[in-house]
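Peer 1: With the hints as constraints, model all of the structure from the sequences given.
Chains as they are written, first to last, in the working numbering: chain A, 1 to 501; chain B, 1 to 228.
Every clue listed holds true.
Pair by pair, the computed Cβ-Cβ distance ranges are:
{"id": "1", "chain 1": "A", "residue 1": "218", "chain 2": "B", "residue 2": "199", "range": "25 to 33 Å"}
{"id": "2", "chain 1": "A", "residue 1": "219", "chain 2": "B", "residue 2": "84", "range": "28 to 36 Å"}
{"id": "3", "chain 1": "B", "residue 1": "218", "chain 2": "A", "residue 2": "218", "range": "44 to 52 Å"}
Calculated directly from the structure, the hints in this document are not laboratory data. Bear in mind that the values here come from a model prediction, so they are computed numbers and not experimental data. The beta-carbon is built from N, C-alpha and C at its ideal position, and this holds for glycine as well.
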Amino acid sequence: MSSTSATTTDARPAHEEGHGHADRNARVHPLRFLARAEAALADPVLQIAIERTTGTAERKRADAVEGFPQFDKARVLGKRIKDHVIANLDHYLLAFERNAIASGAKVHWASTAGEASRIVIGLCRDAGAKRVTRSKSMLGEEIGLPHALDEAGIDRVETDLAEHIVQLGGDTPSHIIWPSMHRTREQVSAMFHASHRVPHGEETIEAMVDSARRELRDKFFSSDVAISGANFLIADTGSTCTVTNEGNAELTTSPPRVHIVTAGIEKLVPSASHAMAMLRLLVRSATGGDITQYTTLHRGPRQPGDRDGPEEFHIVLVDNGRTRMLKEGLKEMLRCIRCGACMNHCVVFRQIGGHAYGGVYPGPMGAVLTPVFDGLGAARDLPHACTLNGRCREVCPVDIPLPTLMRGWRDRSWREGLEPPAARIGIGLFAFAASRPRIFHLGTALALRVMRLFRKNGLIQRMPLLGAWTRHRDFPAPAERSFLAMYRDAQSGKTTPGSSR
Amino acid sequence: MSAREDILAAVRGALGRLSVDADQVKEEADRLLDDLPAARPALDGMVPIDIFAARVSSPKVAASLDRIGDLAELPTAVERYLQSKGLPRNVALQPAAELQALDWHGIALHDAPEVDECVGVGIARAGIAETGSLVFESGPETPVLAHFLPLHHIVLVRAHSIVMYLDDYAAAALNPESPPHRNVNLITGASGTTDIEGSLVLGAHGPCHLHVVILFDGKRSVTPQAWL
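Peer 2: Structure representation (structure tokens):
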């Protein structure tokens with residue numbers, strides 16, 4: 001094992017390390033979430049782009065689940081497999097390490113995002129790498145790898161079509177399955193014309209895909225190191241498993257002399273059979289397919305007689321907050337298989353898109369994970385950007401109680417005094433009144449009268465203190481009398497509730 | 001302490017124990033698989049090859065399909081495909097001895113595919129009926145790039161090598177005792193992408209067309225354990 005070592009137990013949030021995270025920190029600024037959400041809401045092109053992709057994803061997932069009547073049973077099994085792994089995580093980590101080393105792989109461990117990045121950069125330097133090809137991996141984004149490679153002066157070639165678009169646009173992924181979903185075809189076309197050696201002629205999506213194929217073809221073969229992620233780490237054989245559709249992953253990982261896999265420690269499964277059970281859930285939930293075009297297992301480096309494949313195969317196992325999640329009440333989140341169903345079905349995500357969240361992982365799963373990586377102080381707004389309608393949990397293939405976990409962060413934010421003064425004062429006032437019935441009744445009676453003044457056809461279109469709401473939609477006018485008043489009357493036999501009109 | 005020791009200690013600390021009984025963990029993991037048959041698509045009462053053939057030619061996989069009764073007919077089947085698509089008689093042939101031993105009727109052959117290879121011909125180790133997948137196990141006769149560089153990929157699969165479920169293949173060929181291949185590729189249809197506005201386009205970086213030739217050579221369909 002060529003394990004590198006960290007000298008301290010680092011319990012600080014990853015961003016405090018300051019390695020390869022400058023960009024992302026700037027985006028997860030607490031005061032900017034509302035501004036980013038406002039900007040997204042006001043961008044009609046973005047609204048179309050979001051609705052097209054998430055709408056299609058929602059329909060396709062519904063069809064896939066309908067065509068698989070055993071989905072509910074598969075979901076229960078998937079949840080149990082992940083829970084079993086998490087309850088025995090130390091055992092599976094060691095088993096995976098032992099078997100991977102036996103296959104000729106080199107296994108590295110990283111406690112933090114910065115450490116993981118440094119290990120990868122170190123391996124690239126050892127290999128004398130001038131050019132690195134990368135196959136999309138959200139863990140790579142999480143540890144800030146694109147930025148770290150750029151800073152190290154290594155030519156980074158993103159080979160996944162969406163990541164290629166993200167790289168050309170100089171921004172970041174806005175969805176974990178469709179990273180460039182914030183771009184329209186017109187924008188993609190302009191970028192390809194500006195940067196491809198032989199850009200497309202015809203203005204069709206087919207021609208654009210072809211243009212990217214031409215542009216990247218020779219780069220697969222001039223790369224020194226390939227970097228990819230893993231959907232599953234298979235403990236009993238030490239294999240890694242990746243699911244993709246474009247074929248870029250295998251073209252990326254086969255030619256270079258060195259292949260590096262980075263993976264979170266929660267990706268373990270006991271065996272390939274268990275991985276297949278998870279695969280049925282993952283693909284249906286992510287894209288609505290029954291299986292991706294390519295499901296590839298890697299086990300060690302090139303063997304005698306092989307005509308292709310890397311001579312060195314490295315696996316970097318990354319903690320980056322996961323053991324803290326296990327300890328601090330977020331262990332259910334370690335079941336997550338990164339399918340993206342929660343965001344495709346989230347009413348908030350479908351309004352504001354991925355970039356507004358500011359973290360690597362957007363939507364409900366991001367609202368739970370980003371506070372782990374970037375600290376609750378910086379990401380406090382995210383668990384609040386949720387209506388608690390429960391849709392994310394319903395569609396989650398491993399039944400993660402996302403709304404409960406988000407409520408947990410809200411609770412903690414309150415306890416740690418991170419809520420802004422206006423909210424604290426408002427809730428303080430409410431708590432004061434709610435525990436004093438006379439004041440409460442007086443207050444509601446007064447409020448009803450005031451609100452009636454602004455009523456128009458049963459709706460309130462504008463009212464002091466309601467601006468944040470009424471700017472985007474009308475507020476329903478309250479009933480003539482409060483529930484408690486009607487209830488009191490009903491109890492004393494004067495009239496029945498509802499007959500007061 | 002190293003990151004490795006830190007991580008293991010943090011896991012054990014969070015789980016509130018120092019060690020586990022490996023046999024007990026194994027037993028628990030195996031027991032989970034008892035529930036697998038109820039948690040996969042119901043295909044009972046059907047024959048794997050029928051499901052596979054229907055699946056491969058369905059819109060979900062969208063491959064074209066041909067059938068032959070003898071391995072020696074493969075060159076003719078390849079010729080048929082080349083003609084139907086108007087392709088040159090020049091193919092990258094996977095360096096598998098049994099394919100190279102065939103009489104190719106003057107079709108030009110080379111065994112290392114070019115970066116922009118037009119047509120590749122290969123042989124799959126197995127097929128999976130549930131998903132219509134072809135399985136390739138890397139080795140001297142099965143380089144990985146042979147399945148990814150050609151624009152048109154023609155694949156022979158033997159009818160009796162087709163198993164019903166993904167996990168049938170996994171249990172038979174991906175366990176700790178099975179031969180360790182560097183790569184195992186499950187290939188289901190041509191490459192594709194939905195990365196631009198969610199529109200499906202085939203031929204992203206890998207093949208644009210997948211043509212499956214099923215060989216019915218009279219051998220009986222057997223359990224996966226038996227063909228290994």
